[in-house]
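Given next are the chains, with one letter for each unit.
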Amino acid sequence: MKILIKLTLYPLLFCWSCTDQAPKMSDNQLVWQNIPGRDTGISRIRPFIYRVKAPASWHRQFPSDTDSIFDTTKPLCEFLIKENTSMIRITIHNFPTDEIEERIAPASQIARWKRQFEQLDEISLNVKPIAHGGFAGLFFEAIGTLENRKTKVLGWSLQLSAEHYRNLASIDLSTQNEFKQLRSDYTIKVVGPVELVEKHQAILMLFANSFELIEEIPGRL
Amino acid sequence: MKYLTKIFHFLGSIYFAIFLILAAAIFVIAGTFLESVTESHLYASYFTYSNPVFIVLLWGFFVNIFLSTLRRWPFKIKHIPFIITHIGLLMILGGSLIKSYIGVQGSMGILEGGGSNEILIPNSYALSIEKKAPSLKALIPVNSSFKIDSSLPELQLEVVGFSPHCIETLEVKIEGKRVNDVSESAKNAYLNALQFHLVNNLSEKTIAKGNLLDILDKELSFEEGSIKPTLHFNYSNDFGFNNPCLAIDLSLLKQKKMEKIAIPLNGDQSLTNINLSSPYLGAFPYSMDLVRSPSMISFKDSQNNAYLFSFDSHGRVFSQVLRKDDLTSIMEYDHGFGGYTVQTQIPALSKRLSRIELEKDKVGTISQHLKENLTTETALSPPLKFLKEACEKNDVDFENICLAFLREWNYSHGWLFPNHPIQNETTEKVISQLDWDTLPLQIKNGCVLSSHLFQIVEENLKEDKDLIEILTSLDWPLINSLKNLKTNPGVCLAEEMNQLLSHLTQEIFSVSHLVPELTRSGIQDGRLLSAYLRLYGIHWNSIESPAPQAEEDLLIECPFHFRHQPATPLLKLEENTPMISLRLLENGEHESLTLSFDRYGTGLKWPALSGKYRLRFQPIFQQIPYRIRLRQARQINYPNSSQPYSYESDLIITSSNTGEQIEKTISMNNVYETWDGYRFYLANIVPADEGSVKRVQIVVNYDPAKYWLTYPGCILLVLGIVLLFWFRKPKNKDKGV
Chain A
1 MKILIKLTLY
11 PLLFCWSCTD
21 QAPKMSDNQL
31 VWQNIPGRDT
41 GISRIRPFIY
51 RVKAPASWHR
61 QFPSDTDSIF
71 DTTKPLCEFL
81 IKENTSMIRI
91 TIHNFPTDEI
101 EERIAPASQI
111 ARWKRQFEQL
121 DEISLNVKPI
131 AHGGFAGLFF
141 EAIGTLENRK
151 TKVLGWSLQL
161 SAEHYRNLAS
171 IDLSTQNEFK
181 QLRSDYTIKV
191 VGPVELVEKH
201 QAILMLFANS
211 FELIEEIPGR
221 L
Chain B
1 MKYLTKIFHF
11 LGSIYFAIFL
21 ILAAAIFVIA
31 GTFLESVTES
41 HLYASYFTYS
51 NPVFIVLLWG
61 FFVNIFLSTL
71 RRWPFKIKHI
81 PFIITHIGLL
91 MILGGSLIKS
101 YIGVQGSMGI
111 LEGGGSNEIL
121 IPNSYALSIE
131 KKAPSLKALI
141 PVNSSFKIDS
151 SLPELQLEVV
161 GFSPHCIETL
171 EVKIEGKRVN
181 DVSESAKNAY
191 LNALQFHLVN
201 NLSEKTIAKG
211 NLLDILDKEL
221 SFEEGSIKPT
231 LHFNYSNDFG
241 FNNPCLAIDL
251 SLLKQKKMEK
261 IAIPLNGDQS
271 LTNINLSSPY
281 LGAFPYSMDL
291 VRSPSMISFK
301 DSQNNAYLFS
311 FDSHGRVFSQ
321 VLRKDDLTSI
331 MEYDHGFGGY
341 TVQTQIPALS
351 KRLSRIELEK
361 DKVGTISQHL
371 KENLTTETAL
381 SPPLKFLKEA
391 CEKNDVDFEN
401 ICLAFLREWN
411 YSHGWLFPNH
421 PIQNETTEKV
431 ISQLDWDTLP
441 LQIKNGCVLS
451 SHLFQIVEEN
461 LKEDKDLIEI
471 LTSLDWPLIN
481 SLKNLKTNPG
491 VCLAEEMNQL
501 LSHLTQEIFS
511 VSHLVPELTR
521 SGIQDGRLLS
531 AYLRLYGIHW
541 NSIESPAPQA
551 EEDLLIECPF
561 HFRHQPATPL
571 LKLEENTPMI
581 SLRLLENGEH
591 ESLTLSFDRY
601 GTGLKWPALS
611 GKYRLRFQPI
621 FQQIPYRIRL
631 RQARQINYPN
641 SSQPYSYESD
651 LIITSSNTGE
661 QIEKTISMNN
671 VYETWDGYRF
681 YLANIVPADE
691 GSVKRVQIVV
701 NYDPAKYWLT
711 YPGCILLVLG
721 IVLLFWFRKP
731 KNKDKGV
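These protein sequences, in sequence, are chains A and B. Using this note's numbering, read the first sequence as starting at 1 and increasing by one per residue. Using this note's numbering, read the second sequence as starting at 1 and increasing by one per residue.
It is worth saying that the hints were derived from the structure and are not from the lab. Be careful, since some hints might not be right.
As the list claims (entries may be wrong) - Only pairs whose alpha carbons sit at most 30 Å apart, straight line, appear in this in silico DSS-like list of lysine-lysine:
no., chain 1, residue 1, chain 2, residue 2
1, B, Lys-137, A, Lys-180
2, B, Lys-209, B, Lys-362
3, B, Lys-664, A, Lys-199
4, B, Lys-254, B, Lys-205
5, B, Lys-205, B, Lys-260
6, A, Lys-180, B, Lys-131
7, B, Lys-371, B, Lys-385
8, B, Lys-209, B, Lys-228
9, B, Lys-205, B, Lys-429
10, B, Lys-257, B, Lys-205
11, A, Lys-128, B, Lys-664
12, A, Lys-114, A, Lys-150
13, B, Lys-324, B, Lys-131
14, B, Lys-324, B, Lys-187
15, B, Lys-131, B, Lys-612
16, B, Lys-99, B, Lys-706
17, A, Lys-180, B, Lys-132
18, B, Lys-664, A, Lys-53
Claimed, not checked - Only part of the chain B face toward chain A is listed, based on derived beta-carbon distances under 10 Å:
no., residue
19, Gly-113
20, Gly-115
21, Gln-423
22, Lys-465
23, Leu-630
24, Asp-650
C-beta: ideal position from N, C-alpha, C; glycine also.
Turn these sequences into a full structure, and let the hints steer you where they fit.
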């Protein structure tokens, strides 16, 4: 009897609860990096609005401090992944608006990216809805010819949820520009050679999935 | 002393333990039974687990175990397993009792991107009060006797009434006649003083007019036939207007077939007289217009929901409903201190266009569009080029002539233009000067053949005969190709007639070169031109209408509030909506206010004392020393299936005490526990689809005694049980069998 009890108890003492959470691939390689929003065109002050997790090995480029990026065609920030002679370019834009009705629908951004291809491989086209961090929109993936080269494009076009948009309106913020920047839509676009983009695709997805506002969005009080 | 000893031994005895076990079993059975009958866990809980008697039972267990241990005094070595076991049990019970008194269980609802450090305590009541100036916020608990224990400086609050359940109705500050049947009342109001005008489309003259109500579902005769209108108001309280229209049965003397017309009363095609029975032949020569004084009217139903109707001067209808559970656009005055209004939009009634004005607008827009496009080198189709040459010869605007001809043709109700002169003299003059000799033989013959064949086809179609039957009787040689185009084995459907007639036209032109040149005498040039235009699919209906111009809307704001009436509580306690009546007094100003329970504390706060305060009756929110930020929530499905496999949430948990921040993913079977006894479970994610921003419910459990009492007690209990078996005396092996 004593032996039976020992044989039952001893293994139990060394049992730990199994976690069903698989370790995230390459999560530890990513570090938080802050991304500023746009200036007002008059002042060059760019408030830090966003943050994203990116590998330290990626080369980050910000626009010059003396240049205004009030124009929404200019990116907030770029990341470059260089491998030999090939390069992946990741650009981040945001689109501040004064009213919710002025926002550009994510589908319109997707349509614009599709039109940029000289020739698009329809079979590779993948558009699906996504949401995270209080933003919702569309993810775009396609292969085609850009500037006579076979290129893969990944794109994320997201908008702040209507509820957050309204809640931010009732909160007093330090500056009007900061308020506009917080409510902006944003896009992340990845362009590069097909093989290189597919090689880094998992990290790129983690990167985009980590993109969020630095401060949590206040709820209605 | 003797009695005390007896009590001491009884309380520590097996008999008392058995009594306690039986009593607890009865409570558990009762709880299970009550929950299954009432479908209410709360109901069962009030009578069992949360009942003070059950807590007394737990204390009874504690006392029994404690005293049964003490009864072994003085302790010996052999008592060690027993004592360890009982100490373990006491620690577990102690932990449960401590948790029941100072532990916390609540939930927090967080939207992706947001965060919270407050948990909602279920089955608790409080008043959230906010003062405008100086700014002040407070959450005042309302105890189980519905008394308020504290208040704000200067403000005196008193609970003057409470009901465990109430019915809440919306009160919109808009006058409205209370009616039983909103749809019928609105229809009657619409028909009141609504006039009809039957108009000849080409001469634009009114050939009959009167009250529409007088001729509804009755026949009205006029020179060329008769009409019978029927109103389909199609309004429901839940869905509003669903394609309301005026349907007209039209009988023309020169044809046997009864025609059907529909006049939509709202939408992009409103007021257009749509030919339903023979759309392939274009519109009818007559149209019906509606005329009335523009008006706006409101009704209220028995639930106090308000229904707004507006009718413009041309008979269009519009509705808007202001319903308690459907207030889509709420505005607050002065951050809610000034009250709330619901906003709704209705069309500016005085600025809507009539049918004729809309048509003129369409003609003008198309003409302008044509002019702009013809300034460039645009390839016109051959029949239009042919007409343009004639217009240039006569020095008239091609666009105007073309549109005037197409319009008159459309209203002549025929596949081709009728064989009579065009009513518009300028157009007739231009078209009569078309130089047919410049066209190839195939085209000339095709126009002539089409004119003759369609004369017979149109006459028979208006006698309600089937197209295939007509062509069979004419021994049309290419009839099999038309039969192959049909989708319906029986008679030709109205929807497929346009395609069949177009194909027939193509067939005629494809064989017309096989015959010698045919004479055009006896056939009007307009008819011949229409055949040529049909070959290229050109008709008034083939012109894309310009997008309707955005019309001005009026914005109406209606202040609203909720009215509460006590009601019989429901058996399922979770579905009850308690109500509280308050009396507020400050500096001589007083007000009575009734509030219903806001279950999640996210609803509107109501103004009081002339907007100095805002109040909400809600659960207690308790702060915890951790801030939870929700980054993302997701549902994970089984592969190739929409069945959920798991739910996960990515959180950032920040300790308010140490500032330490960790990132953690919690899921259905993976909770997060802090060192000080807080446990976070993922309870719910809505909505589950990938493309929406999600709201999660996280259940937070705080057991302060878990790590130092309950868990060590469990270890001791297990150890004690093991030792009890280990040190059990073996049976005497020397005793005989």
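Return the numbers of the hints above that this structure violates; sort them in rising order. 21, 22
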